[in-house]
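Engineer: Chains as they are written, first to last, in our numbering: chain A, 1 to 271; chain B, 10001 to 11026.
Don't read these hints as lab results, they were simulated from the structure.
Just so it is clear, CB atoms sit at the ideal spot from N, CA and C, and this is done for glycine as well.
Treat the hints with care, as some may be off.
With the C-beta cut set under 10 Å, the calculated list includes, among others, these residues of chain B facing chain A [what the hints assert, rightly or not]:
id	residue
1	10166
2	10169
3	10364
4	10421
5	10425
6	10426
7	10429
8	10445
9	10448
10	10451
11	10457
12	10460
13	10461
14	10463
15	10464
16	10640
Think about it this way: if two alpha-carbon atoms lie no more than 25 Å apart in a straight line, the pair counts; the simulated DSS-like pairs of lysine-lysine are [claimed, not checked]:
id	chain 1	residue 1	chain 2	residue 2
17	B	10275	B	10222
18	B	10160	B	10212
19	A	76	B	10374
20	B	10481	A	154
21	A	168	A	210
22	A	227	B	10311
23	A	210	B	10382
24	A	34	B	10374
25	A	39	B	10171
26	A	94	B	10311
27	B	10888	B	10830
28	A	39	B	10830
29	A	76	B	10527
30	B	10411	A	255
31	A	76	B	10379
32	B	10374	A	39
33	B	10171	A	255
34	B	10892	A	76
35	B	10147	A	252
36	B	10222	A	252
37	A	252	B	10160
38	B	10160	A	34
39	B	10311	A	271
40	B	10995	A	39
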Amino acid sequence: MTQRYLRHRKIRMLVCSFAVIIGASACWAGAVHKATLIKHNGGRAQGFVRYLPASKAFELKAGAVTQSLQASEVAKVVLLEQPAQLQQLVAAVKRGQYLAAIAPLKKIKDEYEMFGPDLIAAQYLAVAYLNSGKAAEAVRMCEELLRGNPTASKSGEFAGIYWDALLKEKKYATLRRILEDAIQTGSRDIAAVALVKRGDMDMEKGESKKALLDGYLRTILAFQDIKTIQPEALYKAMKAHTAVNEHHYAEKWRKRLLSGYPNSDYAKKLK
Amino acid sequence: MNRRMRSSTLPARCVGFPVLFLVAMAVSTPAVFGQDLGGGSGLSPEVEAELDYADRLMAAGMADYSEAIFKTLSLPPEIKDIREIRNACAQGKFPEAEKIVAKRGGETQEAWTLKLSLADGYYMWGKYAEAQKIYDGFFAKFPDGPKPALKGFYLESAYKYSQMMLMMDNKPAAAKAYRAAVKAKPERHIDRQLKSELCEVLLQLAEEADAKARPALLAEIKKYVDEILWVQDLWFGRAIVMLAHMQKMQNNIDGAMSLIDDYTSQLKDIDKALKQSADETGEDMTKLSPMAQCRYMIGVIMHDEAKKIVKEGGDRQRALDLLIGKVTGRTSRGKDKRSSGSLQHFLNVFIRYPNTSWAPDCGNRFREVEEMLKEVWDKEVKAKITPAQWNAVELAQFREARSLFKQQRFKEASEAYEQVLALFPERENSVAAMGELAACYIELEEHLSCDVLLRHVAERFCRNKELMVAAGDQLVRVAFKFSERNDEARMREAYDVFFTYMTQHPRAASELFRFAQEEFRGNNLDKAMSYYEQIVANHEGKPVYFDALSQIAFVHSKQERPGDEVKTLKLLIEKLKAQENPGHAVVSAMFRFANALKALGPKYLPLAISKYSDLEKMLLDKEARLAYQNSAEEAESNARILQASLFYRAMADCMRTVVPKNVSDYFAKKYKRKVPDALILKTYYKAGAIKTLLTLVDSFPKSDFSPLALSQIGTLYTVLEKPDDARKALQRLQKEYPESEQAKNAVFMIGLNLLEMGMEREAIGYFKEMFSGKGEYAAGQILTAGKALYDAKQYAVALQAFDRIIKSETERGYVEPARVRKGQSLLALKKFKEAADVLRGVLADYPSSGYTIEICLGASQAFAAVASETADAESRRAIFDEGVVAMKRARKFAKAAGKKTELDVGVARIFERKSAAETQFGDAAKAEQYRNDAVAAYQAVIMFQNPDDETVAPHLEDAYFYCLPLLLEMERWDDALQDADRYIKDFPKGKHTLKVRQYQSKARVSGGTKAAPSAAPAPATTPEEG
């Protein structure tokens, strides 16, 4: 009898465990990640975290305690582990393997919404879409992400790709409005990138002078502290000056690019 | 040492400072790298001045002018040769230069001076290989250094060559030149400078060299550095920095870190000396502190190394030691004692040396280290850089640039501003600095940079709450600077940028209005409008907003857009009434609104009248009108508007042509029958107008409108067939307002008024009184009366006016139009012969008259009419030809296509009449000939004129209309059918469609087909003008 009791007890425990697990799973549907949430006031909380898009909140479970934090209260999310495939997918996109990377990047973007890797995934997903002739899809995806996470626009890399997608889709009016906003109110690195993009848009419309005056030259002369964008701005300014036969200016920027940023991709194009 | 670090150790604006410092420290030592080679040029100041002038001409690209000056100078042979070589090289004439060199020959200093001048010329033209060959040859002559006599020349040449090679980025050649210079064994401070600069070049070469070549370079550097370290001056500090770089290159970071400690006391001594020098000379030399430089450079080495370790996942403790220093022991209180890490170095330089060029980057790097410590090691840094400390560094940096600006050293100032703005791009001081930088660009005529900067300031700060106003002020200052330089175009561009972006700036509205008013006064209405519209769009509620709306209405009025004027005034009234105490502005706007409605035409007359009434009610109510006058002047203005409103309402009532339904129903009910509208208009409205005008005169006897009103009353009584009342009104006018224009011209005015009201019969009576000779009337009035009568087709009476003028006046301005109109009046009265005589005379007397076309048109009709009744064939043809000549003459004056076509058709008509006259007088052959001429003339119009031109079309239609019956008469059925078809196609709703269809049918029935048209007839032979 004891053995039978024990066997039944074991079975009951197993069933209960499963029930707990199933129950927990049911309660915690959606991607859950082990992470630390850092609040604006410096407070931290670590545990299993998931994001609830409908309520724009994070739910954190630490042991038996579950707490909820509005996304607006969270300054930073630090994942314990980054998505395994992300770096490889980024590398694949950089190598030009766009189509194969799309589905897995999309998965990471969705599963890590608001955790950080979603932004990187989205950025490279957009690159993949753009280079696969799916600019409209890139725009749609970026705008969807921005709706859920407006702060993504503060990321210079992400913003740059989104703007490239808009440019590809020739959504000039929308793009101009967004760029003006970024130039006037964005951080300096965002503003610098926005100026170059505006220059690209004006060049596409054949307005080289405008591209220089309201785009590339502004970045070169007024945003010298934003080094990352300087090679691109110098290269494009050189091209724009050449287009309007201002060869002495073109030469000036060529020399600055070669002397100031000799190892940049843009300098290599000149060699 | 990479380029970036080199620029950090030796910022562009500090290039001259080491030399300056050396000069300051060694007061009695003469400058070496200048003109003085031990004796000066030996030329007189006048000749020096001429040579300088020749150099400037050469620099401006005017080589031939330079040569002309040069040839006038009497120079020693050696200087002459040098100059000639330079001139030849500047023009690319190298063979010529080479000849001069070859002529001198030898190895003397003079000979080498010429050769090196030639080498400099090659360099200028990019012929680097040729230049290098000569210089290498020169240095090869002195493998152990120059003779004492050549020392100065040799040194200068070697240093110059080293700089040339650096500009070409040819470091090995530059190093070789430096070594050569050192061989000259110059004075100590120059020797130290040369060795220090040589070491910098060698460091760069060592960085780029492979592992095999590097040790030799480092050994050479070490040799020089050891020599430099013997003396404590600026070069001493740089030598330590170079040692640090060498340590780093040899992966000995610890060695680099300990250098500061090893040489602390010497560096402190130099700092003290610099401070003392600053106190004595007033020039701040502490910004060159080698201590600051060393700390900064070593801090950078350590920081970069730590970043590299963390990135590569290396020894994190090592990275931490680099950032915050290694633990070297324990303090007496048991706490860790550390050496200095990069954090301490950065903080030290930032706080203690705020005026150095390294301080700002130290601040930035301090923050970077702080963030890194937090992120990677979760450590907090206790020491903080306070905002006040940041401000101190910022102020020191900006002060330096501003000092150069105030000294009008614009080139250096611009470079200084660019550097400091790269560090502090968006601070309060930055905005003013950008304004000054723009001023530098203007002085240097770097217009593109200035434009870019202005747009940046405008766009970047337009939504920055703290800095927007300051940024806008800077834009206006720059615009003002352009204005001072009379650069109107750039001044406007600067303002356009300001207006586009700074819509919220406190000055925007007033500046826009100022510009708008300037354009308005200059009659550039479209431009003025664009400025006013900007005010209305962006500055609602400001005082100029209402002024702008008012001006927009004025512009619409000037550009004859009454509809838009009305809409604008309506908006203005609405906005003004929403204000508290709007004052006279509302009254003025309401009055203008009523006037604008009246100008829209009869349909809006009732509405205009109702608006005048509203205004009168408002102003006649003593209580109500107080809200609309804030001063005695405004009260007076309102009173004038009230008088004007009464007057114009009365006039509007007189102009009614439609009786509103409620009014006609009222009268029908009153009189129990339908009262004709004409009677209502006359007895009700015009009588009502009289009442209004009388009210005006009685209430405001001193009003400017009162004599006008009495004049109108007289007219209206005349219309109402009350001559006694009319006369009484005129008498009152002449009695109470004897000096008024209306009193003097009462009869004339009444006549005109009657004509305007369409009452010609009554008007004629008054005009006859004028022409009878009673009363004094100006020639202009009589002419006006005559023209008005002519326009009203009262030709016989009009003739009286014209005859009076012709008889009494001599001035062409009156006589000419009077004669023209007389001729036209006679023509209209079918007195063709008299008309022809008058018009013939006018054509003869005024060959270039502005009325030529009118005269010729009239004259040709008169001639044709007279000719048609002239029996004698020769005379008849001559008179007809006169008509054709007149038309051709008119055509020469005509510019518009429509008028030309009309005249061409007129010529054809004359041919037609000519043919008819020949038929009448029995010359069938001539009749046929002239008919052919007529058809040819019509066909020319039909073929060559454009039916789509609105001005041409009516006359083209006439050409078809007149030509078709002639073609039918000539039995040219095909041509007639084709022309008819073409007319129907081009003018489906034309004025002659019905008739043309009849011609078309006739042609078809008679056998016409749509074959290709027959060949165009030969052009008619027309008489030439006599």
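Engineer: Would you mind confirming whether the straight-line C-alpha gap from residue 76 of chain A to residue 10374 of chain B stays at or under 25 Å?
Structural biologist: At roughly 14 Å apart (the allowed maximum being 25 Å), residue 10374 of chain B and residue 76 of chain A satisfy the hint.
Engineer: With a cut-off of 25 Å on the C-alpha distance, tell me whether residue 76 of chain A and residue 10379 of chain B pass.
Structural biologist: holds (18 Å)
Engineer: Holds or violated: is the Cβ of residue 10448 of chain B closer than 10 Å to a Cβ in chain A?
Structural biologist: holds (7 Å)
Engineer: Taking only the CA atoms, is the gap from residue 39 of chain A to residue 10830 of chain B under or equal to 25 Å?
Structural biologist: violated (104 Å)
Engineer: Once the shortest beta carbon distance from residue 10463 of chain B to chain A is found, is it less than 10 Å?
Structural biologist: Holds: closest Cβ of chain A sits about 5 Å from residue 10463 of chain B, inside 10 Å.
Engineer: Are the Cα positions of residue 10311 of chain B and residue 271 of chain A separated by 25 Å at most?
Structural biologist: violated (29 Å)
Engineer: With a cut-off of 10 Å on the beta carbons, see whether residue 10426 of chain B makes it to chain A.
Structural biologist: holds (7 Å)
Engineer: Could you grab the alpha-carbon distance between residue 10374 of chain B and residue 39 of chain A and see if it respects the 25 Å cut-off?
Structural biologist: Status holds; Cα separation ~15 Å.
Engineer: Taking only the CA atoms, is the gap from residue 10171 of chain B to residue 255 of chain A under or equal to 25 Å?
Structural biologist: With Cα atoms ~17 Å apart, residue 10171 of chain B and residue 255 of chain A stay inside 25 Å; holds.
Engineer: Holds or violated: residue 34 of chain A and residue 10374 of chain B, Cα atoms, limit 25 Å.
Structural biologist: holds (21 Å)
Engineer: Next pair to validate is residue 10147 of chain B with residue 252 of chain A; report whether the Cα-Cα distance is within 25 Å.
Structural biologist: violated (42 Å)
Engineer: If you take the shortest Cβ to Cβ gap from residue 10460 of chain B to chain A, is it below 10 Å?
Structural biologist: holds (7 Å)
Figure legend: structure checked against the earlier numbered hints; hints not met, in rising order: 1, 7, 8, 16, 17, 18, 20, 23, 25, 28, 29, 34, 35, 36, 38, 39 and 40.
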